[in-house]
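*Asks:* The residues making up each chain are set out below.
2 protein chains.
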Amino acid sequence: MSLLVVGSVAYDAIETPFGKTDKILGGAGTFISLAASYSGVNPSVVSVVGGDFEKEHLEMLESHKIDTKGIEIKSDEKTFFWSGKYHNDMNSRDTLITELNSLGTFEPVVPEGAKNAEFVMLGNLSPVVQRKVIEQMTSKPKLIIMDTMNFWMDTMLDELKTTLAMVDVVSINDEEARQLSGEYSLKRAAKKIQAMGPKYIIIKKGEHGALLFFKEKIFYAPALPLEEVYDPTGAGDTFAGGFAGYLAKNKEITFDNMKNAVIFGSSLASFCVEKFGTERLQSLTREEIYERVLKFADLVSFSFSTQK
Amino acid sequence: MSLLVVGSVAYDAIETPFGKTDKILGGAGTFISLAASYSGVNPSVVSVVGGDFEKEHLEMLESHKIDTKGIEIKSDEKTFFWSGKYHNDMNSRDTLITELNSLGTFEPVVPEGAKNAEFVMLGNLSPVVQRKVIEQMTSKPKLIIMDTMNFWMDTMLDELKTTLAMVDVVSINDEEARQLSGEYSLKRAAKKIQAMGPKYIIIKKGEHGALLFFKEKIFYAPALPLEEVYDPTGAGDTFAGGFAGYLAKNKEITFDNMKNAVIFGSSLASFCVEKFGTERLQSLTREEIYERVLKFADLVSFSFSTQK
Numbered sequence: 001m002s003l004l005v006v007g008s009v010a011y012d013a014i015e016t017p018f019g020k021t022d023k024i025l026g027g028a029g030t031f032i033s034l035a036a037s038y039s040g041v042n043p044s045v046v047s048v049v050g051g052d053f054e055k056e057h058l059e060m061l062e063s064h065k066i067d068t069k070g071i072e073i074k075s076d077e078k079t080f081f082w083s084g085k086y087h088n089d090m091n092s093r094d095t096l097i098t099e100l101n102s103l104g105t106f107e108p109v110v111p112e113g114a115k116n117a118e119f120v121m122l123g124n125l126s127p128v129v130q131r132k133v134i135e136q137m138t139s140k141p142k143l144i145i146m147d148t149m150n151f152w153m154d155t156m157l158d159e160l161k162t163t164l165a166m167v168d169v170v171s172i173n174d175e176e177a178r179q180l181s182g183e184y185s186l187k188r189a190a191k192k193i194q195a196m197g198p199k200y201i202i203i204k205k206g207e208h209g210a211l212l213f214f215k216e217k218i219f220y221a222p223a224l225p226l227e228e229v230y231d232p233t234g235a236g237d238t239f240a241g242g243f244a245g246y247l248a249k250n251k252e253i254t255f256d257n258m259k260n261a262v263i264f265g266s267s268l269a270s271f272c273v274e275k276f277g278t279e280r281l282q283s284l285t286r287e288e289i290y291e292r293v294l295k296f297a298d299l300v301s302f303s304f305s306t307q308k
Numbered sequence: 001m002s003l004l005v006v007g008s009v010a011y012d013a014i015e016t017p018f019g020k021t022d023k024i025l026g027g028a029g030t031f032i033s034l035a036a037s038y039s040g041v042n043p044s045v046v047s048v049v050g051g052d053f054e055k056e057h058l059e060m061l062e063s064h065k066i067d068t069k070g071i072e073i074k075s076d077e078k079t080f081f082w083s084g085k086y087h088n089d090m091n092s093r094d095t096l097i098t099e100l101n102s103l104g105t106f107e108p109v110v111p112e113g114a115k116n117a118e119f120v121m122l123g124n125l126s127p128v129v130q131r132k133v134i135e136q137m138t139s140k141p142k143l144i145i146m147d148t149m150n151f152w153m154d155t156m157l158d159e160l161k162t163t164l165a166m167v168d169v170v171s172i173n174d175e176e177a178r179q180l181s182g183e184y185s186l187k188r189a190a191k192k193i194q195a196m197g198p199k200y201i202i203i204k205k206g207e208h209g210a211l212l213f214f215k216e217k218i219f220y221a222p223a224l225p226l227e228e229v230y231d232p233t234g235a236g237d238t239f240a241g242g243f244a245g246y247l248a249k250n251k252e253i254t255f256d257n258m259k260n261a262v263i264f265g266s267s268l269a270s271f272c273v274e275k276f277g278t279e280r281l282q283s284l285t286r287e288e289i290y291e292r293v294l295k296f297a298d299l300v301s302f303s304f305s306t307q308k
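Order-wise, the sequence lines are chains A and B.
Note that this note's numbering numbers the first sequence so that position 103 is 103, with each residue one more than the last.
Note that this note's numbering numbers the second sequence so that position 10 is 10, with each residue one more than the last.
You may find that some hints are simply not true.
The list treats identical chains as interchangeable, and a pair is accepted whether it falls inside one copy or across any two copies.
[Said to hold, decoys possible] No farther apart than 25 Å at their CA atoms in a straight line, the calculated lysine-lysine pairs in the PhoX-like style are these:
no. : residue 1 : residue 2
1   : K217      : K191
2   : K132      : K199
3   : K295      : K217
4   : K191      : K249
Note that these hints are calculated values from the structure, not bench results.
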């Protein structure tokens with residue numbers, strides 16, 4: 001078992017300028033494990049759903065060689081439901097409905113076979129739940145990656161900091177990095193967050209790409225300029241899943257290899273936003289992903305000669 | 001004569017979270033020509049100042065081999081004055097004072113020796129003034145680059161479009177590209193603006209870098225994450241000046257060479273913001289600039305193998 005993922009498996013109803021959906025499959029755990037599956041690892045997911053969760057959705061995950069044994073089914077409760085509406089610029093959204101349902105009392109249970117996972121990806125959840133997963137590991141993981149968001153900074157900062165001190169990589173967006181560190185400069189923000197524990201800091205900037213910080217090193221991965229962004233839901237989770245999956249497959253924990261993992265994650269995220277929900281992520285091919293990785297390489301390549 | 005620059009030469013009073021200045025040298029024409037001078041060309045500037053313009057400032061420009069013959073001095077008027085205050089995030093600012101003074105009735109006169117310039121950089125000014133410069137050229141320039149802003153879209157869109165149709169490269173920021181095109185996607189916005197005339201579109205994204213579009217090709221130049229941004233004033237003009245200067249020196253009008261010009265401009269802009277006004281731009285060395293260009297290359301480099 002190389003990659004353990006914890007995160008919500010949910011139903012979403014999404015409205016964007018391009019249309020709206022009924023309840024569709026969503027959740028950080030879903031996007032992360034689907035994305036990670038394309039690296040060739042078989043992630044194991046720890047999550048919880050209600051009795052309304054459809055069998056076909058479990059089967060779809062399993063068809064991607066995702067181990068769903070860790071998804072608890074609470075038959076007399078409902079699956080976590082989120083509904084949101086994106087504004088015209090797609091950069092901001094309003095949450096219309098949040099029904100925690102079965103997620104409200106989620107007590108993660110890591111399956112026996114996953115307790116020795118070498119790589120752990122903690123999707124955005126309460127830092128207390130994230131910590132409970134770490135504490136169940138029977139051997140020290142090679143790398144623990146954590147995603148989080150401003151909600152936890154606002155409501156349980158101390159818990160967040162305790163969990164942060166236990167992980168190797170944290171992934172947050174630029175505004176959250178500023179909030180957490182109190183620094184406007186992302187370079188300074190990354191330094192301050194490094195001092196809280198994680199050696200590697202990923203700062204996600206949405207349509208502007210992502211930054212990876214390690215010691216004094218910085219890597220800037222652009223986002224691919226797209227003609228159409230259909231639905232940004234899950235893009236950050238998809239990025240994190242691609243990142244974690246790439247490393248779990250490849251097992252090389254170096255800054256250079258993390259750069260590749262960032263590009264792999266960025267490539268997957270660029271597919272994610274092309275359709276609603278997980279639709280595009282359900283039927284990708286490795287060829288498509290690699291083709292897009294080459295586009296990222298092309299996008300930033302230049303050969304400046306300082307001899308001129 | 002290879003590079004003709006037109007743009008304001010002004011006095012600015014600036015307040016940022018790091019401090020405030022008295023009247024200091026500013027203006028698009030100043031930043032552009034100083035930046036361009038580092039490529040090794042001797043730009044000729046067309047502008048206007050008042051009787052209050054200090055001799056030492058003209059001499060400073062001349063010490064950078066900038067030809068100031070085209071700077072008209074209206075002795076009984078004052079120099080264009082702008083005062084602004086940046087907010088804490090440095091991404092937005094309030095204009096406190098704008099005194100057009102001598103710039104209000106500016107009639108650009110291109111000096112005889114500059115009428116055959118191969119490269120023309122039109123700094124942000126009324127599109128009517130920009131056009132008057134183009135119309136004075138006695139031979140068709142190899143490349144005309146135009147900077148503009150939302151103010152001209154709001155107040156004289158038709159004039160702007162007329163001038164836009166006469167230039168080869170336009171440089172605007174992301175919000176302005178969206179406003180001008182009516183498209184949110186920058187890829188689509190660039191296509192629409194290309195259809196208005198310019199073959200090359202540069203979209204500046206401030207701390208997120210810049211995009212260069214040509215036909216179906218896209219280049220993404222990141223901005224260097226900086227610990228301190230002291231004063232963003234003039235960064236866009238410095239970028240444009242570095243870009244124009246690089247091309248005017250090198251004379252190779254290809255997408256690949258434009259990418260280098262974008263990196264050269266980005267490198268200069270990253271210095272510009274480190275001190276107030278033109279201070280940092282007055283005393284750079286080529287070595288410092290090239291060192292920073294290498295940092296840009298390093299920032300985006302990765303070597304993803306699709307064989308794995």
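*Asks:* Each of the hints needs a verdict: does it hold here or not?
*Replies:* Taking the hints in turn, this is what the structure says about them:
1. For the identical chains of this complex, K217 and K191 are intra-copy neighbours only, at 11 Å inside a copy versus 35 Å across copies, given an alpha-carbon limit of 25 Å.
2. With identical chains, the CA atoms of K132 and K199 are at most 25 Å apart within one copy only, with a shortest distance of 21 Å there and 56 Å across copies.
3. For a Cα distance limit of 25 Å, the shortest separation of K295 from K217 qualifies both inside one copy, at 24 Å, and across copies, at 10 Å.
4. In this assembly of identical chains, K191 and K249 lie within 25 Å of each other by CA distance neither inside one copy nor across copies; the values are 28 Å within and 39 Å between.
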